[in-house]
Structure formats: C-alpha cells, structure tokens
Amino acid sequence: GAVVSQHPSWVICKSGTSVKIECRSLDFQATTMFWYRQFPKQSLMLMATSNEGSKATYEQGVEKDKFLINHASLTLSTLTVTSAHPEDSSFYICSASFPKDRVEKLFFGSGTQLSVL
Amino acid sequence: DAKTTQPTSMDCAEGRAANLPCNHSTISGNEYVYWYRQIHSQGPQYIIHGLKNNETNEMASLIITEDRKSSTLILPHATLRDTAVYYCIVRPTGTASKLTFGTGTRLQVTL
Chain G
1 GAVVSQHPSW VICKSGTSVK IECRSLDFQA TTMFWYRQFP KQSLMLMATS
51 NEGSKATYEQ GVEKDKFLIN HASLTLSTLT VTSAHPEDSS FYICSASFPK
101 DRVEKLFFGS GTQLSVL
Chain X
1001 DAKTTQPTSM DCAEGRAANL PCNHSTISGN EYVYWYRQIH SQGPQYIIHG
1051 LKNNETNEMA SLIITEDRKS STLILPHATL RDTAVYYCIV RPTGTASKLT
1101 FGTGTRLQVT L
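Same order as they appear, the protein sequences are chains G and X. Position one of the first sequence corresponds to residue 1 (the working numbering), numbered consecutively onward. Position one of the second sequence corresponds to residue 1001 (the working numbering), numbered consecutively onward.
Just so you know, the hints here were simulated from the structure itself, not pulled from any lab data. Ideal Cβ placement from N, Cα and C applies to all residues, glycine included. Take these hints with a grain of salt, some might be off.
Now the stretches of chain G that chain X is said to cover, found in silico as 3 or more residues with beta-carbon under 8 Å [claimed, not checked]:
hint	segment
1	42-55
2	73-85
Distance windows between CB atoms, simulated [stated by the list, open to error]:
hint	chain 1	residue 1	chain 2	residue 2	range
3	X	H1040	G	I12	15 to 25 Å
4	G	S5	X	N1023	16 to 26 Å
5	G	E59	X	K1069	22 to 32 Å
Now the stretches of chain X that chain G is said to cover, found in silico as 3 or more residues with beta-carbon under 8 Å [to be verified]:
hint	segment
6	1043-1056
7	1100-1108
Construct all of the structure, not just a fragment, from the sequences and the given hints.
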C-alpha cells in the first residue's frame, strides 16, 4: 500500500513549549490529509481535515489556535501543538487520502506519542 | 457517517479462522464498508473494503450480506501478529471524506 511517514515517533517537551509533527505521503500526492488524536484505551478522534493550499477544517471542540495545521504541499502536512500542556499528551496520528480506481483509501502514519511534562 | 456496531472483544486460537462481525443497518447506497486494524501503539492499517460484493485480498475476506446491513471480516488463519483492534467503518467514497472510528473489536489471538 501507499506509504505515509510521520515524524517524530515520540517527543517529550516542557509545558508551554510548541511541538511540530510532520506527515508526509512518500509515493503519492495527497490533496487531503487528516489528523487524529488518541488517548489511552480509546478510539481515534478526528481533529481536523487538512486540504492542500487552504485552511484546515476543525472538528467541533478542537481549538484551531492551539492545533495549527499547515498543508503547504501535496506531500506534506504539519500539526503544531502550541503552548503544550500536560493534558495535550496523547498519541497523534495523521492519514492521507489515496484515490485509486475512484475508491479512496486512507493510509495512516505510524503516529507520534507526545508527552508534555 | 453511518454508525456501526461491533463486539467489544473476541478471542481466536492461532491457526483458526477469525470471523469479526459488524452491523451497519443504516448504511446508505453510496457508502462502502471499510475495515482497518490497529496494532498497539501504531497507526491504523487498511485491510479491505467493499460495496456489496464479497471481497478477498492477501490479508482477509469481506462478506457483506445481501441487504448490506451487516458484514463479516474473515482472517482465514489467524496468527499472534493479528492481535489488534479491528474497526469496521462505513463511509461514502468519491470524495475526500473522513473516517470516523467507533470502538472496534479487540481481537486476541492465543496459542
């Protein structure tokens, strides 16, 4: 299947700092990428939809000023957690849309474990 | 997205077939059934999808009932590495529409 690379795999930061997570589609162009968050023993929760060249669409309850999403190219989307606090500690996962035969599949990155001290 | 209902957990002996059911009684005509799985601390992995016909690939088979209100994912010879949470999702295609994850089925494959 198509490859989605996510970096870093894990990050530890101090409270109040910002953290950037990168999501790349390695062998295809993705006009749309999605960002999810997952707390321990819970399912994935969609945070936002990222469209290349336009503003991201955030799900209800997700603070757009705190979770900055940039999708500057067809192969790269970034999520920046600004002024991180311990409650932002979570597993963040990106996915990219891969259209084939007019039926879309979403492929996922390996995730980023964020721990805020 | 239409909602799906899956059992919370299932066990399966290694080497046996694992049959994971999913109910999606409110599925619309333009919605596909997708299956993903998530192994602990990893991103979800695409398994298979279908519209109304049964589908098979190198990973699994997907059986969809004639009325499309339910489906079954079949792992023909489960191994320990198939231990994961399996998500059944219905989603319209043709556009870049999001995947909404439910709680899934936690499959435990045992010796």
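Hints and how they fare:
{"no.": "1", "hint": "42-55", "in the structure": "holds (count 6)"}
{"no.": "2", "hint": "73-85", "in the structure": "violated (count 0)"}
{"no.": "3", "hint": "H1040/X / I12/G: 15 to 25 Å", "in the structure": "20 Å, holds"}
{"no.": "4", "hint": "S5/G / N1023/X: 16 to 26 Å", "in the structure": "35 Å, violated"}
{"no.": "5", "hint": "E59/G / K1069/X: 22 to 32 Å", "in the structure": "28 Å, holds"}
{"no.": "6", "hint": "1043-1056", "in the structure": "holds (count 5)"}
{"no.": "7", "hint": "1100-1108", "in the structure": "holds (count 5)"}
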